Each structure stands twice: as C-alpha cells, then as structure tokens.
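K.L.:
What follows is each chain in one-letter form.
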Amino acid sequence: MTGPQHPGDASEHYVDPAPFNPHVTRELTAEQERYFQASQWQIMWWKFRRHRVAVWSAVVLILFYLCVPFAEVIAPYEANTRDSKFLFAPPQGVHLFHEGSLRTPFVYPMKAKIDMNTLQWTYQQDRSKPMPLRFFCSGDKYEFWGLFKADFHLVCPPKGGSFYLLGTDRLGRDQFSGLIYGARLSLTVGLVGVAISILLGLFFGGIAGYFGGIVDSLIQRLIEIMRSLPELPLWMALSAALPVTWNPVWIYFGITVILGLLDWPGLARAVRSKLLSLREEEYAQAAMLMGAKPSRVISKHLLPGFTSHIIASATLSIPGMILGETALSFLNLGLRRPSVSWGVMLNEAQNISVVTIYPWLMAPVIPIIIVVLAFNFLGDGLRDAADPYK
Amino acid sequence: MKLRMALGLPALVLAGLFGAQALALDLKETPGLEALGYTGLPPVAERVPSDPLVVDLEAQGRKIGSVGGTINTLIGRARDVRLINVWGYARLVGYNDKLELVPDLLKDVTVEEGRIFTLSLRKGHKWSDGAPFTAEDFRYFFEDVVSDPDLTPSGLPPFLLAGGKGPTFEVIDETTVRYSWDQPNPLFLAELALSRPPFIYRPAHYLKQFHAKYGDPAVIAKGVEAQKVRGWAPLHNKLDDMYNAMNPDLPSLQPWIRRTADSDQRFVLVRNPFYHRVDPAGQQLPYVDKVIMTVADGKLIPAKTQAGEVELQARNLSFSDITVLKQGEAQHGYRTLLWPNSKGSEISLLPNLTVKDPVWRELLRDTRFRRALSLGIDRDMINNVLYFGLGQAGNDTVLSMSPLFKDEYKTLWAEHDIEKANALLDEIGLSKRRGDGIRLLPDGRPLEIIIETNGESQTEVDALELVAETWKEIGVKLFAKPSQRDVIRDRAMAGELVMSVSTGFENGIPTADMPPTDYVPARGDQLTWPTWGDYLETAGKGGEKPDWAPAARLSELYQGWFTAADTSARETIWQEILQIHADETIHIGLVSEVPQPVVVKGLENVPDEAIYGWDPGAQFGIHRMDEFWLSSAAK
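Residue numbers (the numbering used here), protein chains in the order written: chain A, 6 to 395; chain B, 125 to 759.
Chain A with its partners taken away, still in its complex shape (with noise of 0.2 Å):
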C-alpha cells in the first residue's frame, strides 16, 4: 500500500504519477505475519499473556480450584473431625530445623492446660521432641467423591501428635482442612448461579436486540416484572419452608439456581442494547442478506462483537456469589455445619472480641480476599484480551 489518501486531505485531487504495480507490497516482518495469519483465539491468548498480572491471578485461581477434587487428600484431617484435647489450639508451626541440624519437616508436640485465672486454653511446646510429619500416609478415613472408602492423604499428623497448621476452633476442629474442604463448595457452588444468570441473559437479550418489536416488548415487560420481586422476603420464606433434614448442600445449590433464574435481567439489558446497535452494522446487514438464519446472525456475527462485555460480568459476578453465601449464612439460609464453606467458617468467628484472642480463627478471610481480587484482575486482563483488533 502506498500513499493513504485522507478525506480532506487536500482540495484537489492527488494523482501519483507513478504506475502502480499491484505486485509491490510491504515487506512484513517474521512478527506481523504471525500476527495477520494466527487466529481470533491465539491472538486473544497472546494478548492475555502480556497482562502479568492476569496471568498469575489464573494461576493463583488454578492452585485454589485443584482443592476442589482433591480436598479429602490435601486436608490432613477431615472437615468436621473434632478434637476435644485441642480447643482454641494456636497454629502448629513445621519446622525444618531441630537443635542445628536439617531434618525431614516436622512439628513440636503440644499440651493443652486451662489457664484458671484467664479461663483460656493455654498451649506448650515440648521443644524436646520433634514429631515428624507422615507423607503419604494413611489417615482420616473418607469416601473418595462418594465412590469408594479411602485413607490416603499427602501429609498427615505425626503418629499419637497433632498437625494443625492454621490452629483449631472451639470444638477443636482443623482449620487447615476446614478451608480445604470449603473452598471446595465456595468455589464451586457459585459457578452454576453464574452460568445460569449468563445462559439465560443471553438469551432473552439476544432475541430481544434481534427481533425488537413485540418480542422485545415483551421481554421488556417480564424483566420489570422480576426487577420489582422482592428477593430478601423470598429468601426468608424459604428458610422456614424448607425441611431441616435436606442436604444443606442442595438447599444451597437450590438456592444458586434461584439466584441464576432471578439474576439474568441486567445481562439481558447490556445485551438487547448493544445487539440493537450492532445489527444496523453493514456486516450484519450483509449476513442476513445472504441468508443467515437469525440464531448464525446473533451467534457468528452479533455476539463476537461484545465477548469482552460478557467476560466482565461473568468473572465479577462469581466474586459476587462468593460473598454472596457469607451474607445469606445470617439468614439461615445458607450452608451449615456439617457442610463446611468459608462462610460458614467466617460465620463462627462473628464474635469480634474471640478474634481479638484467637485471630486464627479469620483465617478464611484470607482465601476468600485472595479469590475475589483474583477474579477480579483475571476478568481485567480477559476483557482486554477479548478484544484483540483494538
């Protein structure tokens, strides 16, 4: 290509008086060939790679959702086993070192003992005896995804010791494992809710932006309707209806699911809106010309155009459902024991002046800060990514 002409350029009309020869092209380096011949994806993947941050956020998401299959192994103990000998235990350091010398890694024993006067459990390490960890190892037992009976655990507690690396509550329960096993329903259960609310957002906003007229009327009208439900009685009147004896599990699932068919009328708005504008493009005009039936219009040629807006939504709305589930916990409405979730574990740290003696028992905010900004910051860099022409 040579010599771009620019409306307004000039009054007259340029002539280069040279021939053109349609056989002189630019020179492209080895860089801009890959990049005009890759495909949408492998650009859209490239681009994500430079947003650093982006990156390890999906690491970071990656680690946290390997809990999710493997909890009953990476959990030295079971969520829900107690300990009546451990009340209110400190964290339980690893140590490598014992007396100068390397050893393989291993924890001090402890001894429980009631402070009288301060009526608190008041814990000592025998500094003598180094207990090592088991790795490996048989421990807890558990059913493996509810197939079969299994003992195996990548690290267990030292033969007749404890391991309690993030401390135990009240009742003596694991932390360490109660995060694992949690952040197997905190990270999952949300998901479904998410998927549901996008599925169906979609949808009506697509058929809406596309046909306009008495369909978009229409769903115009249902989505004021479900805008105007109140959502916080709703939730109220299930937790009295609900049966007590029902897996907390489905309960909550259930309610996700809830969560998703009610949530959907704000996607469904962004989309109909931008659908309505991008079906005037010549590109569309074209497709539907040529014949196109309106569900290839909508999905080869419509949606493409707004990938970035539905990736923002998505990835900040699982955040939304993770805080979510702390905040339905105080309605009764959401995972109780024996589930075990972060929110549930925050739950049972409310009382601000426990934390003040046995801060461990916060340990679940840490997981669950970390999991929200991570969400956040993947959808940043996904957002950019999507858009690779711009």
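Treat the hints with care, since some could be wrong.
As the list claims (entries may be wrong) - Taking lysine to any residue and the SDA-like style, the derived pairs with C-alpha atoms no more than 25 Å apart in a straight line are:
1. B/LYS414 - B/ALA427
2. B/LYS428 - A/GLN125
3. B/LYS601 - A/GLU148
4. A/LYS279 - A/GLY217
5. B/LYS423 - A/THR123
Calculated from the structure, these hints are not laboratory results. Predicted model only: the values in this text are computed from it and were never measured.
Using the hints provided, position chain B relative to the given structure of chain A.
P.N.:
Leaving out everything else, chain B in the frame of chain A:
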C-alpha cells in the same frame, strides 16, 4: 456452698431482732441530696421509719461503706429499665442469701394455721414522695384495684385464692392488715418475694386522683387524653404499674427511683431518700447515689464491658465471654466474678410429650426411649469442651445447693453408656436400620430428631453438635433447626414441635415452701407438655387433660402441694416430683451450675461467691445491691 433453709412459713418472727438494734442507732444525714435535685427534705430521722431495718453487715462479712457515687450498667433494650425494681429487691418479705424468707418492707409477719396472715408495717414508713405508707395503701389495692371489675376484669389472681376463694381483708390499725383464707395459702408469701412480685400495696394518695370512685372527673379526662387511652381504667392501670418503672410520678418504696422520663436510651435512677434500710453506723441505704442504665446493642455489651465502661454488669454477658472479660481485667481495673447459675440446667433437651404425630408421641412417651437418648450423651465431654469442665454434668433437676437435692436426681440415667442405650432402643423395637446405621421408626421413616433452638446462643448449637456426634452411635440422627422463641412456642402449642432445646428449670434451688410450678404441667408455655400445661392454666377450658400417668401424677402432686399442712408434707411432695423427673428423664439436661460472669469495678460488698438467678435470686436482688458501695477511687 450449702444453703440453709430452716424457715417454715408459720415461724416468721426474725424481725424482732432488728427492732431492738434500732433504738440505739444514731442516724447520720445523707450527704449530697441537694446535688441529686432533692430540696426541702425533712431530716433523716423523719425520713426513715421510726423502726428502720438495720442491716447486719457484719453477719454477712460485709463492711460499712460510704455514701455516694454512680453505678453504670448496660441494658439490651429500653424496657429493661424495670430491672431496677428487681435489683433493688425491696419486698414485703424477701429471700436473704440463704434463701430464708424474711420480712423486709414489713416489720413482721405472723401466720396462723397457714391461712391467716397478719402483716405489720413499720411506723413512720414513707413513700418516695414523703407521703406515709400505711394500711390504707393495702386496702386501696385489695378493695379498689384487684376487686374492681373495671381495673381487674379477670378477678383475683391465683395467689390471692385458696381453694378457689379469696381472702377476708381487714385493716386492724394504721400499720397492721390481715388476710384470712378458709384454707391454707402457701403461695401468698412466696409470691410476695418474687423478682416480679404482685405489688399488693399501691400509693393510694397518688392513684386515687385517677380512680373513678375518688378522682375528679376533669383530672381523669385530662389524663385519659394525655395518655391516649380509652377510659379511666386503662389510665389507672397504665399509671400504677409498680414494676416497669415507666411512670416517674408513681411513688415507690424501692432503693432507686426514676424521677424524670426524659430519654429512652439512658436512664438515671436516683436514690430514694425515704428508703427504709439503714446500716449499723446509721447511714441510710442505698450507699450508691445513682444507677445509670444505658441501652446498648446486646452484642456490643461484652465489648463495652471489657472496655471498662461499667461498674456492675451481668446481663448480656455469657460464659463464652469470660475469657475476653478476664483479658481486660488488668487494663481496666475490674474483676470478673463467676457466680453459678441457679437454673436446673444450662442446656436441656425438651421432648414434646404432647406432639401430634402419633408415632412420635408414642415414642417420646416411652420412658425407655428418653432414657436411651439420655444415656447416649457424653455429658462430661460436653462440659469439658464448652465450659472448661466448670459446670456440673448431670440431669436437669435441683442443684446441690437446694435442701431438696439428692445425688440420684442428678445422676440417674445420666451416665454415657452407648451399649445400654442401644439395648433399650432395640427393646422398644427400633431395631431396623438404614444403610448408614440410622434406625427406622415403626412406620419406616428414619429416626431423625429435629431439635429447634431459639438461635440466640451459639453454645446451644455447639452442644447439639456434640450430642449429635454420640447419638449417631445409637442410631439416632439429630438436626438442629434455628428458629425463634415465639415460633417454637406456637409450634409446641400446635403439636408440631418434636423436641426443643432451652435452659432447664428456672428455679434450681427451691426449698419445700416454694411452689413446684416449673416441674409440673402448670403453664401453657412449658415446651415438654404445652397442651397439658394449658389445661391446668386455664382450669380445663383449653388444652388437654394429661393422659400420661407420670404427668397426671405430677398435676395431682401439684394440687397436693397447695393443701399440704406444713413444710414437711410439702417436702414429701417435692421429693416425689423430683423422683418422677429423675426416673422418667422428662427433661434431658446436659450441664448445670455453669458460671455466670459478673463484672464489678470498684464496688465493695459484692460477694465473691454467690448464685445468680431470677427466681429466687432477682439477679443482684438477694445479694442486696443497696449495700454495695463504691470505693473512693471509683467515685
């Protein structure tokens, strides 16, 4: 601490001791009355009765204090201001710290045949506005309030009835009145000593102006309009409530009174300059000038207490706050006393014997089933995990401080014995089990017990979790359902409640002369037998007649208690009631005598070891809060 309860009703003659001391007393004027807003008061000798109650501080190991200062305390809601009338605990007769019934406002009581009660007032005793407190105030209550169909449409309250009939009331002279019934009325004096007593005396000189029989119609009409009520009777009822401390104009006999109704967030209660008790040095009680009650959110009260904002606090503090409170002691200069709670049990599982579901009803009424559930609980473990082992693991029954206590009541069927429990359940015929080991009911449903809690106490939920753990071993699945107090009560009445968890018997330290109301079907709000309780409460108009032998026997014994001739007969009745409870395991109690934290800052004469309870006890009441005083550093 072993309490001595020697006193029988016919022998209320202790008062004589006090009269003799009074003669030699040299009364001292209370300093600082002007600063409290009192002007033009007569001298102290004319304010206290001519024979005041001289408290014997030495006998209780207490010290003579100095007058003045303020006690700050926190309450969870505005209407708790009425606690001032509980803590003050000036009663006609009241319990002392040994749970003996002694005259207090009264100079003396004599009881003949358990049915004729002669009450003698103190000469020169005055209301908090300076008007004399006389027999007329008793007459006014009996003839013009409780016998007036407009003011008391429901008729005489139960404690004024013996064998269904009211008393004959006589005014003997200015300071003596007599109530005589045809039959013994053991409830009468016990009722007068309650935390919330039926005030059988009212300030006639003040209330007559609002009474249709005496008052000026114009004044009444004005009052009706100002209070926005429908007639003179509601107006009178609203203004004469001696308990709720809502009417600052109503004269009182309590140690602290409310003089202005200015705020509903902060209540200032100032000393009553006409109070009838003095210390051996001639200083008029109460020692403390003011009690200031500040309303704070219940959840913040432990934190505010820990920050040293109060001089005296027990309300809204619970066992789980003790560790935090102990932490703040050194920094904020208070002490945390641990007073064992006087309830029958801190946590008690209450099977609803009148549940509608026929399968559950039969099962819950099966003694073996309740015994098995009780045997399936590891009470020592619960005590250690939840209460540092400071409580007493055992049944919900009277505490060892009560003279009625027998070891058996506490321990029968209360040991942890899974084998025996399983054997009992198999014997009932619950031997079929589900895949996960949970037993099946006769109709094929799993044996899942839903225990409803009022959701106010995390400890209760924790206890249920510990119970669930051991119940699993006997094939019983437990679900804890958080709910609300009122919802549970309604569901109990409707027969939908299967089991609930609550605190145990309110009065864990009864003497034979206290009515066994808690322990028998007597009230509709008892969650073990709401419909039977309702039947007795409404005299057969509501509820159902007890159709379960032990309950029928309990109601019989309750009736028997009222007609029993003397204390020893009443004690026999009490023992049989307690034996039935122990044998039948009607309440499944877990842990009792759990300490209640009481935070005290700079206050003297507060006992280190004491009980904490409502009835009997009145919280600080029987420990005589009017004898507490502030050390000079705290003033």
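K.L.:
The structure should be examined with respect to each hint, and the outcome stated for every one.
P.N.:
Evaluation of the provided hints:
no.	hint	in the structure
1	B/LYS414 - B/ALA427	holds (23 Å)
2	B/LYS428 - A/GLN125	holds (20 Å)
3	B/LYS601 - A/GLU148	holds (20 Å)
4	A/LYS279 - A/GLY217	holds (12 Å)
5	B/LYS423 - A/THR123	holds (21 Å)
The structure agrees with every numbered hint stated previously.
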